[in-house]
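Colleague: Read off the chains here:
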Amino acid sequence: MDILCFFYILILAKLLKKQDMKVEVKVMLVCLLFTFSNLLFSQQKISEAFFKKEIKERSSQFIDEANFNKAQLFFLKGKWDSTLIYSMKQLNAKTDIKELNDYCHFFRGFSFNKKKIFKEAQKEFENVSNDFAFHYHIKMILGGIALEQKKYRKAISYFDQIEQFDEKELLGIRKSNIEHNLGISYLPLKEYDKAEFYLVKSAKRQEADKDSLLIIGAYGDIANLYYEQYKDDLAIPYFEKAYEMSKRLKGLELKKIDVFDSKRKTARNMAVVEENRKNFKTSLTYRKESERWKDSLNNQTRIWEVAQVEKKFAVEKKQEEVSSLEKENKKKISERNRLFYFSIVLLGLLMTVGYFYREKIKANKTIRAQKETLDELNATKDKLFSIVSHDLRSSVNALKTSNTKLLDNLETRNLKVLDGLLQSNSAIVNGAYNLLDNLLHWALLQTKQSYFKIESIRLFFIVEQMAYNYKPLMLDKYITFENNVLKKDIVFADQESLKIILRNLLDNAIKFSIMNGFIKVYTQNTSENYCELVIEDSGLGMDEATRLELLKDTVLLSKKKNEDIIGTGLGLQLCKSIIKKNKGVFSIESELGKGTKMIVYLSKTLPNG
Amino acid sequence: MDNINVLIIEDTIAESDALVKVLEENNYTIVTVAKTYKDALASFYNNKVDIVIIDIFLNGNPDGITFAETINVVPDSSKPFVFLTSSTDRKIFERAKLTQPFSFLMKPFNELEILYAIEMAVEKFYSQTDVFLSEEENTVISEEYLFIKKGKALKKVLIADIIYIEVEEKYCNIITEKERFVILISLTKILELLDSSSFCRTHRNYIVNTEKIVEIIPADNLIILSGNHKATLSDKYKDLIKKIRTLK
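Line by line, the protein sequences give chains Y and W. Quick note on numbering: the numbering used here labels position 86 of the first sequence as 84, and the sequence is numbered without any gaps. For the numbering used here, count along the second sequence from 1 and bump the result up by 445.
What the hints contain is simulated information worked out from the structure, not anything from laboratory work. There could be a bad hint or two in this list.
[Stated by the list, open to error] Simulated pairs of lysine-lysine, DSSO-like, Cα-Cα distance not exceeding 30 Å:
id, chain 1, residue 1, chain 2, residue 2
1, W, Lys536, Y, Lys581
2, Y, Lys579, W, Lys466
3, W, Lys552, W, Lys615
4, Y, Lys486, W, Lys681
5, W, Lys524, Y, Lys469
6, Y, Lys602, W, Lys688
7, Y, Lys486, W, Lys536
8, Y, Lys497, W, Lys600
9, W, Lys569, Y, Lys446
10, Y, Lys497, W, Lys615
11, W, Lys569, Y, Lys486
12, Y, Lys574, W, Lys536
13, Y, Lys497, W, Lys536
14, W, Lys569, Y, Lys451
15, W, Lys466, Y, Lys602
16, Y, Lys486, W, Lys634
17, Y, Lys497, W, Lys681
18, W, Lys615, Y, Lys451
19, W, Lys634, Y, Lys469
20, Y, Lys475, W, Lys634
21, Y, Lys148, Y, Lys113
22, Y, Lys518, W, Lys634
23, W, Lys552, Y, Lys379
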């Protein structure tokens, strides 16, 4: 009885177990489907970058179409509503380009799928032509929709169509993904062989890809597969493997939710497995763990939400900060600019002030220099005045006394003396006249009032004309005069000033000549540019010091060594100035006691200016 | 050869007297000494004047310049002139300079200077510079006269009086009714300056005044001129016959 009873219980338990299992399998299937869509999503994420790139490249030929371009941009950004609107606009534009329309329909179908409006999605995809580049994606999505709608056969037919292709041709669709979906599709149809085949294949691929989450999902699926077939021995290691793996998973920030979810699922699967094995205690611990993960998942979700809000808040705060900083920056920039302009203006002001200050200093300097020269000139003039007036005074005085004598002799009719007196008077007047003449020309030269024109002159005739006036004087001293200037000698000079020079030089030559001396005027043509006019006398000559003194600029010879002969030096000074004005050069050669050569270098060509 | 007629415009008697004395000593004929601008103009147009010596300042005004400007207005009747001045005041000179050709003489001046100035004025006026001072030439040719430097002074010969010119190297024998003399001038220059309608070359060495031709004997290559002068007519210049108006 006892034994009978025991058997009964055993059978019952077995039955119970079977019933229980069926329930659990159903639960698991739900969980499996959940896992599937989740997996699909995450797998798509991985290949998304590739997919987007392909979309961008292949559709770039149409970006001239504004609406399509917008639709494409929104599509890539994942803004489905906007994509739908713009692709619709593009379609309404009714362009005949097939590929462009295919893209639009594809975008719309994709977007509808994302929005879980499956019927519309299917309609859109039907409009896409078969040679469209992404038609494998369409198959994949349609398969997904069929799976979602539990039309497993249909789903399998879609997946089968694309399963045999290479990943390269699939443009971003994972082969493992297709195999996984196939496996899952076969599972509810109880075609375990095929399911096993595809799931294991998918798991192997995922193992190769080393994505722990996917591997765990794959293990879970395989375990479920075996469990459904009551191959517990095969299933349990997979469950354990999945559990162990998920236990080791460390949630990276982004995938935390996924990780917690997978931990929760594996723990729950273990709990179901243990419960079926009647290890209720362990089952309970697993279940508790599962609950814990569920909680933390919820927590995580909340934390995530809170974090999102916080992030938003922080972003807003940061934005505020940024804008306030921007404002501050603007203020600073404007302040800096103001300071910059101000400093430029200040610099300009400073430079102008500096410039004017320097100009003033320069002007002062010139004024001072001018004052000095003026003072000097004034002193010279005063000196000249005193010397000239002294000379004139003595001349006039001599004339006065001579005239008194003349009158006395006229009374006594002493005609012989009269002649001599008149001769001396004439000489005195001549001297005085020459002095006054020089004075006049000096004044005219200083004030630059006189007419001055450099032209070609035949030197011989000018010398003749000037010597003519001195013939009586020379005769007086028995001086022989020779004008040896060639008639063809031509110089360029101002005629009047040349006359003044000759007059003075001849006058000097006579003045410093002794009785029976000679005066020769001749030219030397040694230089190419200058004609040297030499006035040579056999007179007193001069020492080197006097010679140098005479050649110095603007020095009036005031020393009176030979009281009766040496004059003011005004004549020579005048000569030097005039020669300079005629672009000539003046020099003296002299030997004390033997005579003097006064040499005037006159230009043979018309000087410039 | 005749004396040169000089018109002196000078208001200071002492100076004009000195000037007259110097010029007369050098065989110049003084037409008159005018003391005012009016007198000067009257004398200038009523007498045969060859050259004018003008004092710039007449009674304190630069009327001398005004006179020069006036006679320059009619270029054909204008004559060479020399300004006399005692100042080299630039303003006055700037004005005087405009009466081209411009020559001037500073007071006081001696004999040589005034003679030189007259020569210069003639040269400049007839645009034949560097004649009297050079050793190669001594004659300036105007339309009416030859101005010849003889000794220190100038003389003139009426061109119409010339019967013919015989060229001997760089000398030219001038033969007139009354006299014959030698001038220094190149053949090319004399041919260029003499009026070609009345003076023709008849031979390498002969230039003949066509007005003075009495008879041409082509057979003997001979031209008989007035005063029984004879000139040679070479074959090269026989075209001359066609140019001369003959009685038929």
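Colleague: A separate judgement is required for each hint: does it hold in the structure or not?
Modeller: Now the hints, each set against the structure:
1. W:Lys536 to Y:Lys581: holds, 24 Å
2. Y:Lys579 to W:Lys466: It is violated: about 36 Å lies between the C-alpha atoms, which goes past 30 Å.
3. W:Lys552 to W:Lys615: Distance of about 38 Å is beyond 30 Å: violated.
4. Y:Lys486 to W:Lys681: violated, 38 Å
5. W:Lys524 to Y:Lys469: violated, 34 Å
6. Y:Lys602 to W:Lys688: Violated, at about 49 Å.
7. Y:Lys486 to W:Lys536: violated, 34 Å
8. Y:Lys497 to W:Lys600: holds, 27 Å
9. W:Lys569 to Y:Lys446: Satisfied, since the Cα-Cα distance of roughly 28 Å is no more than 30 Å.
10. Y:Lys497 to W:Lys615: violated, 34 Å
11. W:Lys569 to Y:Lys486: Holds - the C-alpha atoms of lysine 486 of chain Y and lysine 569 of chain W are around 19 Å apart, at most 30 Å.
12. Y:Lys574 to W:Lys536: holds, 25 Å
13. Y:Lys497 to W:Lys536: Cα-Cα ~21 Å, so holds.
14. W:Lys569 to Y:Lys451: Cα-Cα ~16 Å, so holds.
15. W:Lys466 to Y:Lys602: violated, 37 Å
16. Y:Lys486 to W:Lys634: holds, 20 Å
17. Y:Lys497 to W:Lys681: Violated, at about 53 Å.
18. W:Lys615 to Y:Lys451: Roughly 34 Å between the alpha carbons, so the hint for lysine 615 of chain W and lysine 451 of chain Y is violated.
19. W:Lys634 to Y:Lys469: Not OK: lysine 634 of chain W and lysine 469 of chain Y at ~38 Å, beyond 30 Å, violated.
20. Y:Lys475 to W:Lys634: Status violated; Cα separation ~48 Å.
21. Y:Lys148 to Y:Lys113: holds, 18 Å
22. Y:Lys518 to W:Lys634: Violated - the C-alpha atoms of lysine 634 of chain W and lysine 518 of chain Y are around 37 Å apart, more than 30 Å.
23. W:Lys552 to Y:Lys379: Holds, because 27 Å separates the two Cα atoms, which is no more than 30 Å.
The structure is inconsistent with the numbered hints 2, 3, 4, 5, 6, 7, 10, 15, 17, 18, 19, 20, 22, although it conforms to all the rest.
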